[in-house]
Amino acid sequence: MNLQPAPMKLINIDNGGTLTDICVIDGARVYRTKTVTTAYDLSKCLIDGLMKASRVIYGEDDLQRLLLSTDYIRYSTTQGTNALVERKGPNLGLILGGSLQAPALQTDAQSRSLFAALVGERVATLDVMVDETVLENSVTRAVTQLASSGASRIVIGVGNDAGGDIERRIKRILLRKFPQHLLGAVPILYSHEVVADGDDARRVWTALFNAFLHPAMERFLYNAEHKLREFKTRNPLLIFRNDGHSARVAKTIAVKTYSSGPRGGAEGSKALAAHYGFEHLLSMDVGGTTTDIIEVRDGAIRAQRHGKVENVTTSFALCDVESHGVGGSSIIRADNGVITVGPQSVGSAPGPACFGFGGTEATITDAFLVGGLLDPASYFGGELKIDAPRARAAVEERIAKPLGLSVEAAAAAMEQAWVGKIAGAMKNYTKISPQTTLAAFGGAGPFVVCKVAEATGITRVMIPGLAAVFSAFGIGFSDIAHEYSAPLATRDSAGLKAARSALIERARHGMFAEGSDLADCVLHYRLQGSDGDERALVANDDVLPADLKTGAELSLVLQAVKPIQHASISGDFKGSTQAATSTDKRALHIDGALSSVPVYRVEEQVAGASAAGPAVLEEAFFTCRIDAGWRFRINAAGDILLSHEERSA
Numbered sequence: 007m008n009l010q011p012a013p014m015k016l017i018n019i020d021n022g023g024t025l026t027d028i029c030v031i032d033g034a035r036v037y038r039t040k041t042v043t044t045a046y047d048l049s050k051c052l053i054d055g056l057m058k059a060s061r062v063i064y065g066e067d068d069l070q071r072l073l074l075s076t077d078y079i080r081y082s083t084t085q086g087t088n089a090l091v092e093r094k095g096p097n098l099g100l101i102l103g104g105s106l107q108a109p110a111l112q113t114d115a116q117s118r119s120l121f122a123a124l125v126g127e128r129v130a131t132l133d134v135m136v137d138e139t140v141l142e143n144s145v146t147r148a149v150t151q152l153a154s155s156g157a158s159r160i161v162i163g164v165g166n167d168a169g170g171d172i173e174r175r176i177k178r179i180l181l182r183k184f185p186q187h188l189l190g191a192v193p194i195l196y197s198h199e200v201v202a203d204g205d206d207a208r209r210v211w212t213a214l215f216n217a218f219l220h221p222a223m224e225r226f227l228y229n230a231e232h233k234l235r236e237f238k239t240r241n242p243l244l245i246f247r248n249d250g251h252s253a254r255v256a257k258t259i260a261v262k263t264y265s266s267g268p269r270g271g272a273e274g275s276k277a278l279a280a281h282y283g284f285e286h287l288l289s290m291d292v293g294g295t296t297t298d299i300i301e302v303r304d305g306a307i308r309a310q311r312h313g314k315v316e317n318v319t320t321s322f323a324l325c326d327v328e329s330h331g332v333g334g335s336s337i338i339r340a341d342n343g344v345i346t347v348g349p350q351s352v353g354s355a356p357g358p359a360c361f362g363f364g365g366t367e368a369t370i371t372d373a374f375l376v377g378g379l380l381d382p383a384s385y386f387g388g389e390l391k392i393d394a395p396r397a398r399a400a401v402e403e404r405i406a407k408p409l410g411l412s413v414e415a416a417a418a419a420m421e422q423a424w425v426g427k428i429a430g431a432m433k434n435y436t437k438i439s440p441q442t443t444l445a446a447f448g449g450a451g452p453f454v455v456c457k458v459a460e461a462t463g464i465t466r467v468m469i470p471g472l473a474a475v476f477s478a479f480g481i482g483f484s485d486i487a488h489e490y491s492a493p494l495a496t497r498d499s500a501g502l503k504a505a506r507s508a509l510i511e512r513a514r515h516g517m518f519a520e521g522s523d524l525a526d527c528v529l530h531y532r533l534q535g536s537d538g539d540e541r542a543l544v545a546n547d548d549v550l551p552a553d554l555k556t557g558a559e560l561s562l563v564l565q566a567v568k569p570i571q572h573a574s575i576s577g578d579f580k581g582s583t584q585a586a587t588s589t590d591k592r593a594l595h596i597d598g599a600l601s602s603v604p605v606y607r608v609e610e611q612v613a614g615a616s617a618a619g620p621a622v623l624e625e626a627f628f629t630c631r632i633d634a635g636w637r638f639r640i641n642a643a644g645d646i647l648l649s650h651e652e653r654s655a
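Just so we're aligned, residue 7 is where the sequence shown starts under this note's numbering, counting upward by one.
Some hints could be false.
[What the hints assert, rightly or not] Capping the alpha-carbon separation at 25 angstroms, the derived lysine-lysine pairs in BS3-like fashion look like this:
#1 K391 - K427
#2 K457 - K314
#3 K58 - K391
#4 K591 - K457
#5 K437 - K407
#6 K238 - K257
#7 K238 - K591
#8 K555 - K503
#9 K568 - K257
#10 K407 - K433
#11 K437 - K427
#12 K50 - K314
#13 K257 - K314
#14 K503 - K407
#15 K457 - K433
Everything labelled a hint here was simulated from the structure, so no lab data went into it.
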């Protein structure tokens with residue numbers, strides 16, 4: 007008898023700058039909810055969101071029952087991405103030595119700007135080819151000077167082939183001179199401990215990013231794990247990483263949390279493209295602070311072997327997500343007669359002016375409320391009462407008066423600037439073709455997606471039924487995994503075999519810490535050359551490929567994956583359509599005129615429901631304006647396909 011494993015209950019959480027999304031997958035059932043992100047204590051919105059999820063599932067608050075019945079809790083966050091976008095983090099100090107000096111880290115305008123924001127003038131350069139006494143004096147003086155100049159964390163990076171050994175030598179000195187148990191000891195990070203990479207600049211940049219992200223991530227994630235343990239959760243909290251896999255907090259480095267939220271959207275987009283057969287799927291995940299642009303082409307997520315953070319190359323592979331500071335809570339201003347959007351965001355506190363939490367800046371959420379797209383009674387499932395007069399006052403003060411416009415015209419101009427920034431970023435990111443489908447998700451993704459599609463020349467748009475929590479849903483396609491790397495001591499079968507044996511032992515210990523036996527894991531091997539050559543290897547094949555270039559240093563990489571049950575996608579757009587049902591009208595400002603349009607509530611539609619714009623399509627956690635010339639169709643899974651009738655005909 008072939009017994010199928012019992013369905014797992016999986017909780018996926020995507021923490022954004024404004025809202026935190028919770029998606030509970032229980033076999034074929036999917037429950038979802040949202041809560042306002044509490045930036046002052048991120049663990050609060052985590053527990054609040056889980057409590058709301060228990061209420062959705064059981065009809066009452068029963069967090070204990072929910073957590074005790076859950077197999078895995080996976081968590082992702084855009085906090086790291088947002089911190090870099092808004093430049094909010096610790097002051098870093100940098101000590102360089104060997105062949106590496108500061109100019110090597112600042113080779114273009116982007117890296118110079120980022121270096122100035124993260125490090126600035128807090129840089130010291132050492133002569134490391136000296137005796138112990140001289141080195142001890144110089145490194146002690148450097149740390150003291152950097153700390154005095156405001157550095158709250160220090161990164162040490164030494165160039166040349168012996169850089170790792172010299173960094174370990176410096177570490178021994180500093181542990182004697184500045185014991186970590188003393189109050190006020192400045193945390194020091196050594197680049198070789200973050201990643202083994204022969205490219206010195208790339209390795210040090212990776213260490214700088216890790217140091218910048220570490221304090222906030224460590225403080226919150228461990229606090230969240232401790233709170234969950236109070237409820238006797240069955241397994242430790244898992245962190246969804248930017249490589250598409252998950253691991254325990256204690257086994258995750260901070261830089262791996264960067265863009266982990268968008269990677270959830272990328273995994274969901276990949277599954278969406280595979281299910282519906284989209285050849286080229288371009289996704290826009292619009293949250294409160296950022297718009298994250300993702301591409302799936304021919305079934306593969308666009309990625310980089312050496313991923314870039316704000317166009318600065320790092321040592322780790324990254325999904326090629328472009329994050330732009332434009333979201334539902336991005337601050338919109340009129341500067342010298344020009345409307346600017348972001349990158350600063352009001353987040354959830356104080357939030358857009360219409361939230362009524364004390365915000366006075368104008369955002370696109372305020373503009374859509376002024377324009378009539380948002381209904382104060384139904385916004386955010388009716389749980390967040392938004393204030394139209396406050397929104398109007400913010401738009402008038404920040405945009406209308408400086409530009410000499412009416413409030414309605416100012417709101418329309420804000421929309422045009424907001425759409426233009428997203429559309430421009432998408433066109434710079436990839437080539438749009440007739441085969442391109444645009445997927446819009448995130449709380450603000452569907453708002454005016456028809457206008458974004460028109461601005462980019464796209465005629466087909468997909469809004470997933472779980473659009474409002476789609477990145478959280480996408481986390482449901484991840485497994486528990488770790489990757490290990492070791493250089494080949496010799497370029498032959500013996501060197502390959504020795505590296506494989508060492509990696510298996512490391513993987514055995516690493517996966518044991520995740521509560522998994524290596525025998526239950528799937529092992530993937532690949533060979534990496536210092537020349538950029540990379541290829542997969544058969545698991546037990548100890549013969550090197552014959553066509554390897556001579557002279558390149560070789561490393562063996564082992565990825566150990568513990569599979570867990572995945573989410574699933576169903577539904578199609580075959581069969582007949584029928585007229586969608588509308589029981590309400592809404593007054594919208596469209597092209598300078600006030601128009602009354604039908605409102606279609608997603609939850610009230612049947613499979614095959616379809617209607618043409620202009621109209622409003624709305625569900626508990628998102629609102630979409632269907633513009634003239636566009637038609638929507640909803641399938642049995644709740645997924646929504648928008649088509650431009652004239653241009654796609």
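Right, here's what the structure says about each hint:
no.: 1; hint: K391 - K427; verdict: violated (29 angstroms)
no.: 2; hint: K457 - K314; verdict: violated (29 angstroms)
no.: 3; hint: K58 - K391; verdict: holds (17 angstroms)
no.: 4; hint: K591 - K457; verdict: holds (21 angstroms)
no.: 5; hint: K437 - K407; verdict: violated (38 angstroms)
no.: 6; hint: K238 - K257; verdict: holds (20 angstroms)
no.: 7; hint: K238 - K591; verdict: violated (48 angstroms)
no.: 8; hint: K555 - K503; verdict: holds (20 angstroms)
no.: 9; hint: K568 - K257; verdict: holds (15 angstroms)
no.: 10; hint: K407 - K433; verdict: violated (32 angstroms)
no.: 11; hint: K437 - K427; verdict: holds (17 angstroms)
no.: 12; hint: K50 - K314; verdict: violated (32 angstroms)
no.: 13; hint: K257 - K314; verdict: holds (22 angstroms)
no.: 14; hint: K503 - K407; verdict: violated (72 angstroms)
no.: 15; hint: K457 - K433; verdict: holds (14 angstroms)
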